[in-house]
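If you read the protein sequences in the order shown, they are chains P and F. First residue of the first sequence? That's 1 in this note's numbering, and the numbers climb one at a time after it. First residue of the second sequence? That's 1001 in this note's numbering, and the numbers climb one at a time after it.
I should point out that these hints are in silico values taken from the structure, not numbers from a laboratory. Computed from a predicted model, the values in this text were never measured in an experiment. Beta carbons are placed, not taken as given, at the ideal position from N, Cα and C, and that holds for glycine.
Straight-line Cα separation of at most 27 Å, BS3-like style, residue types lysine-lysine; simulated pairs:
| hint | chain 1 | residue 1 | chain 2 | residue 2 |
| --- | --- | --- | --- | --- |
| 1 | P | 346 | P | 436 |
| 2 | P | 211 | P | 131 |
| 3 | F | 1007 | F | 1072 |
| 4 | P | 401 | P | 381 |
| 5 | P | 401 | P | 380 |
| 6 | P | 543 | P | 565 |
| 7 | P | 159 | F | 1072 |
| 8 | P | 211 | F | 1072 |
| 9 | F | 1072 | P | 214 |
Here's a subset of chain F near chain P, in silico, CB distances under 7 Å, partners left out:
| hint | residue |
| --- | --- |
| 10 | 1083 |
| 11 | 1153 |
| 12 | 1257 |
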Amino acid sequence: MTSPIRKVPEGRDSHGAGGWLNGRMSRRLFIRAAFGAGAAAALGGVLGGRRGAFAAPSGPPAAGGELVYGLTNRFDTLDPNITTFSDVGRISYHFFDTLVWESKPGVFVPGLAERWEVNAAANQYTFHLRKDVKFHDGTPFTAEAVKFTFDRVVNPDLKSQSAFSAIGPYEGSTVLDPSTIVVKFKDPYAPFLSSVAQSVLAPVSPEAVKKYGKDFGTHPVGTGPFQFDSYKTDNVVRMIRNPDYRWAPSIFKHQGPPYLDAISWRIIPEASTRLAALKSGEVHVIQDVPTQDYRNLQNDGSIQLIQGPLAGSGNTMMINVTKPPTDDLRVRQALEWGVDKVGMIKAIWQGLYAPACSPLTSSTFGYDRATCNVYKYDPKKAGALLDEAGWKMGPNGIREKDGQDLVLSLYYRSDSGDATAMATFLQGMYQLIGIKIDLHGLAQSGYFSAVRAGQHHLQFWWETDTDPDVVRILFYSANANGGTNRNRYKNAEMDKLIDEAAGTTDPAKRRQMYTRIQMKALNEAIMVYFADPLNIFAYQKSKVMGAMLDWSSTNMLFYDTWLRK
Amino acid sequence: MLNYVQKRVALAFPTVFLTSLVVFLMLFLIPGDPASIYVGDRTATPERLAQIRHAMGLDRPAYVQYTDFIWKALHGDLGRSLQTDRPVTVEISSRWVNTLELAMVAMVLAIFLGFALGLISGLRRNSLSDTLSMVVALFGISVPVFWLALLLIMLFAVHFRWVPATSEPGLRGLVLPSVSLALLSAATLARLVRSSILEVLRLDYLTTARAKGLHAAVVILRHALPNAIIPVITAMGLQFGSLLSGAVITETVFARPGLGKLVVDSIQNKDFPTVQGVILVLALIYVVMNFLVDLSYAFIDPRIRFE
Chain P
1 MTSPIRKVPE GRDSHGAGGW LNGRMSRRLF IRAAFGAGAA AALGGVLGGR RGAFAAPSGP
61 PAAGGELVYG LTNRFDTLDP NITTFSDVGR ISYHFFDTLV WESKPGVFVP GLAERWEVNA
121 AANQYTFHLR KDVKFHDGTP FTAEAVKFTF DRVVNPDLKS QSAFSAIGPY EGSTVLDPST
181 IVVKFKDPYA PFLSSVAQSV LAPVSPEAVK KYGKDFGTHP VGTGPFQFDS YKTDNVVRMI
241 RNPDYRWAPS IFKHQGPPYL DAISWRIIPE ASTRLAALKS GEVHVIQDVP TQDYRNLQND
301 GSIQLIQGPL AGSGNTMMIN VTKPPTDDLR VRQALEWGVD KVGMIKAIWQ GLYAPACSPL
361 TSSTFGYDRA TCNVYKYDPK KAGALLDEAG WKMGPNGIRE KDGQDLVLSL YYRSDSGDAT
421 AMATFLQGMY QLIGIKIDLH GLAQSGYFSA VRAGQHHLQF WWETDTDPDV VRILFYSANA
481 NGGTNRNRYK NAEMDKLIDE AAGTTDPAKR RQMYTRIQMK ALNEAIMVYF ADPLNIFAYQ
541 KSKVMGAMLD WSSTNMLFYD TWLRK
Chain F
1001 MLNYVQKRVA LAFPTVFLTS LVVFLMLFLI PGDPASIYVG DRTATPERLA QIRHAMGLDR
1061 PAYVQYTDFI WKALHGDLGR SLQTDRPVTV EISSRWVNTL ELAMVAMVLA IFLGFALGLI
1121 SGLRRNSLSD TLSMVVALFG ISVPVFWLAL LLIMLFAVHF RWVPATSEPG LRGLVLPSVS
1181 LALLSAATLA RLVRSSILEV LRLDYLTTAR AKGLHAAVVI LRHALPNAII PVITAMGLQF
1241 GSLLSGAVIT ETVFARPGLG KLVVDSIQNK DFPTVQGVIL VLALIYVVMN FLVDLSYAFI
1301 DPRIRFE
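Kindly generate the complete structure, drawing on both the sequences and the hints.
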């Protein structure tokens, strides 16, 4: 019963848990250009069967009705090739089909491409496309359209972000015939299949792009099960059934047009209002249910909760390893021993999340359970390490060395998720071992400037990605100077490990490589790992049938969904 | 009178212009690079950032960006949003009605409530109804809009299901947002009306009017109120401004796509053209409202003449 689509990777730092509530989509491994090839393949069915879920359907599906979905954020554009917002991805999977669908990590099933070949060097992909597909505007879906889409993404004038990262070291495409296209890369680019499984690289109708120009973002035209009806700015996106839809991928349960007449995606930024709208029946499904409301909803017989852990990297804290005193390994290790994760999870997330052990969340391929034995909560040990490093307890409860107080600056986005709660919790926590934490809560504009420039000792992070190559974002030296590696950690051995792991095809070997990477990161205390967060959705139990959460627990897919009258 | 109107209209231009200049300068002072915010947490090479900055037109000097903005604005073009790449005029036109509607309805509600409470307590000083009215007013002033809004949603949308929780089009969707927005202003007005009335009631001419045997209602409506109302009207003009700014929270809670929400989101993203455009429009609305308030003095009190 898995519903297996690779989620759109999304990542952002400093938001802490609930950061995804604020919804920018992620950097995709932009730097992937740099690494040696490997097999996209073979993440093996680690996650299979764990997540996706269906509501127990009652009776046969009935066609008709309009589903109303409560989104969290306003967004920039409905153009999947341009957007920077993850909420658009949630919508896009209904407007647009992808070339392939990822059924579990590294396992791909046909989408708009019936089959495909990858050369040995992994820098050339040949896709054989379905011939029976039409865009919503009636134009046929062809290899030209795919080439048009990819060329469009790399055009700087488009200011594409997520898609631009996902397409990696793209060199160009050659159309062999109307249903065959060869995509070439400047460097080996094994993750490309998982990239084209994302909505950000979904083919758009070239005719519609020409027709609407810059307004394509408010008139999206794809090949998906639903087509565009209307968009009221910052309010609601409405889509209606595509009656011609005959090309559903095998991850779904039925074929032909979807059951629902229409879906309305309503933007309701305030979590309490979203919940109220669900309870009052104004919307059928909501996303980003706060953990604070979880127990309350669990006891509500009319509401079904559905959730799953994120793959990638959980709620963590990056430590600037170049700035004294966190350039001292013992100080960083004291930060590891000095935090009570269970207490933090109870205090901030109602005990719902699982404590994190490594840069990878427990549901990510390559995660090693042994990482949980490396650090435990032990303030005495933390204190001993600080003593050893020469930081002696001062009269006011703050440690000193050479007349300097042990003060670390923690930068976080005050406008974002649980970051403020996390920051104040840590301030209290580290006070106990004699570390003073200076809090710098900033709005995003100032925040990005400060942390890119490396003003911080500490800053939060979390990252969604189904590929363990997510460690490249965190630890790769090319990302260290103002990039995503705000640990500012540069280590040739780590770089080599990351490149090798990404180029390894054998799952067992690959797993070993990632174990080594995780252990190295832990031993050098580059980051502190707090919790593996959950994505929580809720819907009206008696009304919404066949609700489907993709295996990555990021997107709900409504192609198989119907409403009980 | 006509002269006065012309003067005021002429003065409105520099006001709006200066506002936009100040806002533009302030945006430059806020730390952060719009391209960097656009890229967010993704890794981007300095070249890529430069590319994006160029595509956004941010590599030009500030004064060029500003004069370009003004020049285009005079031709009815407010540029394109850095974030959505849609024309700012479109961004604004799809939202301003939502904000104005909300502020207007809230204003009417505030005036109605404010005068009712203020009159009741002013005319029956130290009575039970006076105390009750002022308790309501005090509540309205002290309670946070955000909390009140959620309370109203829980009660009237979730429990009774009389009105929607979110701001759907039409009057039904306006009920909760406008009530929660109006309460603060209503409370402020009520207290003002009360003290104004008390002030006026002490004056001799009212005693004379009563002594002449005029009906109490006539005394209050014809003689007391017009004199008590001038300071209240000035306050109303100011209240409209606070309603516009209060709309930010209300719009967020009730998921109402308005200018308030837009301007906050745009400032966060350093979306220069959008912030400029919205502030320009809000400044215009404000100027017009103040002007109308000033003009209304003359209609209420014939002794006031505009030179």
